[in-house]
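J.: Chains as they are written, first to last, in my numbering: chain L, 1 to 278; chain F, 279 to 474.
The hints are simulated quantities; they were obtained by calculation from the structure and are not laboratory data.
We put the CB at the ideal spot given by N, CA and C, even for glycine.
Some hints could be false.
As the list claims (entries may be wrong) - Listed next, the in silico DSS-like pairs over lysine-lysine satisfying Cα-Cα at most 30 Å (straight line):
#1 L/Lys196 x F/Lys347
#2 L/Lys195 x L/Lys239
#3 F/Lys347 x L/Lys245
#4 L/Lys196 x L/Lys135
#5 L/Lys135 x L/Lys26
#6 L/Lys96 x L/Lys196
#7 L/Lys245 x L/Lys195
#8 L/Lys96 x F/Lys347
#9 L/Lys239 x L/Lys196
To be verified - What follows is a list of derived Cβ distance ranges for each label pair:
#10 F/Gly370 x L/Lys26: 25 to 33 Å
#11 L/Asp11 x F/Glu449: 18 to 26 Å
#12 L/Leu170 x F/Asp378: 20 to 28 Å
Said to hold, decoys possible - Far from chain F, some chain L residues (derived; all Cβ distances over 10 Å):
#13 Gly9
#14 His49
#15 Pro66
#16 Glu71
#17 Pro99
#18 Leu107
#19 Leu133
#20 Ile155
#21 Val158
#22 Val162
#23 Ser186
#24 Gly251
#25 Lys253
#26 Phe258
#27 His261
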Amino acid sequence: MTDAQDPNGEDVELELHLLLESIYRKYHYDFRSYSEASLQRRVRAALVHFGCPTISRLQERVLHEPSIFTELLRYLTVQVSDMFRDPTYFRAIREKVVPYLRTYPSLKLWVAGCSTGEEAYSLAILLSEEGLLEKSLIYATDINPESLRRAEAGIYEVERFVRFSENYRLAGGRGSLSDYYTASYSSAVLDRCLKKHILFSDHSLATDSVFAEVEFVSCRNVLIYFERDLQDRAIGILKDSLSRKGFLGLGMKETLRFSAHADSFHDFSPEDKLYQKL
Amino acid sequence: MASARRREVIVMGGSAGAVDALATILPSLPADFSLPIATVVHLPPDRVSDLAGALSYRSAVRIKEAEDKEPLTPGCVFVAPPNYHLLLERSGHLSLAVDDPVHFSRPSIDVLFESAALAYGPRVLGILLTGANEDGASGLLAIHRAGGQTLVQSPESAVASAMPSSALLLEPRHDVLPLEEIGPFLLQLHRTGWEA
Ligand SMILES: C[S@@+](CC[C@H](N)C(=O)[O-])C[C@H]1O[C@@H](n2cnc3c(N)ncnc32)[C@H](O)[C@@H]1O
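The task is simple: from the sequences and hints, build the whole structure.
T.: Encoded structure:
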């Protein structure tokens, strides 16, 4: 993606800032404290998609054509996910966290930044195999309405299940992943009995507050897209949503180590990115 | 305006043969090397490897896996973790990202180089090493256009020449050096204070 005019970095930064400010003022989505470098990349991809020569031109269109904003959200957010992504994480939940979860009469869990649902369904399958699903409710939230719709449908391309199944096996799955979906030609739909326990809804870690009181929250590969201050805000919300001794799980390259809230958690299993609220 | 052209960060990338290339370059750098170096090396996705550890053993400079939002400190080599893109932020921090692969690669060299061009412009030195695909070519061009300095390992000295050759096809004015001269070249710039 090369640009004939090659504006200098400062101009691009200014234009991006104005675009994000407009989006915030008009649509109340707050991307102003997102990591700039990767946001710049995705905005450049959006410029190509919308045929806009500059970010300012895109800003004008976003302000005057609201329908474009939904499409732009697809670029501003990163919808990359897998079932049982990083199998060791799910194996650790199964082996180390489940024994604690068993002791509760009922369970609420939260997948923050659930994208198209893969992580929430993975958790539901794990809970079902541990005999905990019937007493569980999983909240799964995201800011991208299109992703939430797809998450709710629970339909994925059939080719993806090769990797999903391999991940499931490595994560310590007790049966076969095919026990949980019905495949037709090119797609597979996940079982209703999993969906019954998942509530998908809109929630932003950047603008909304505490979501519900939960015993476990998984927030993976969302915080890396935030600058430090916003990371702290988001972790604060996750912390305040957790009950005492509740668990927090992060992405494999995310950590509480540098966070302002590090002291509120115990390093339960840092190599698995699992923390326990004190 | 010589001062405006002072280099402040080095970005380096390669694929096939690049681990050995780095093992040739990095041991020539002193422990007090004055610039930070961010690197992307493609590795087979299924190989969980401790690249930083492997490179550390003969080098005086500190070599570590890059962490999200870590400050880009001088004298340290930051290696992109497998399966994550590595980007430079204007604020002087590193970021990781799980966006889709670019040129079938995550981490991608283009992603690192383009972020460096945007955040640091003329203050970047970009180095593209041996490799078997085209990743890095357009990123190096972006650094060149932003007024940064660009260096390509000579295709003849590369285990796989496709990567350096594609970069030179896009922009023939990149500097070219054989592998053995890249370390001494960096050492020279380090001693003269990075004025271009
Ligand atoms: C890379 S995906 C991660 C999906 C899943 N957690 C995983 O690890 O596979 C990042 C998700 O975070 C969502 N997201 C971005 N900003 C958010 C915010 N402020 N609040 C909640 N979710 C957000 C994006 O829409 C996207 O679905």
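J.: Would you list, in rising numerical order, the hints stated earlier that this structure does not obey?
T.: 1, 5, 13, 24, 25 and 26
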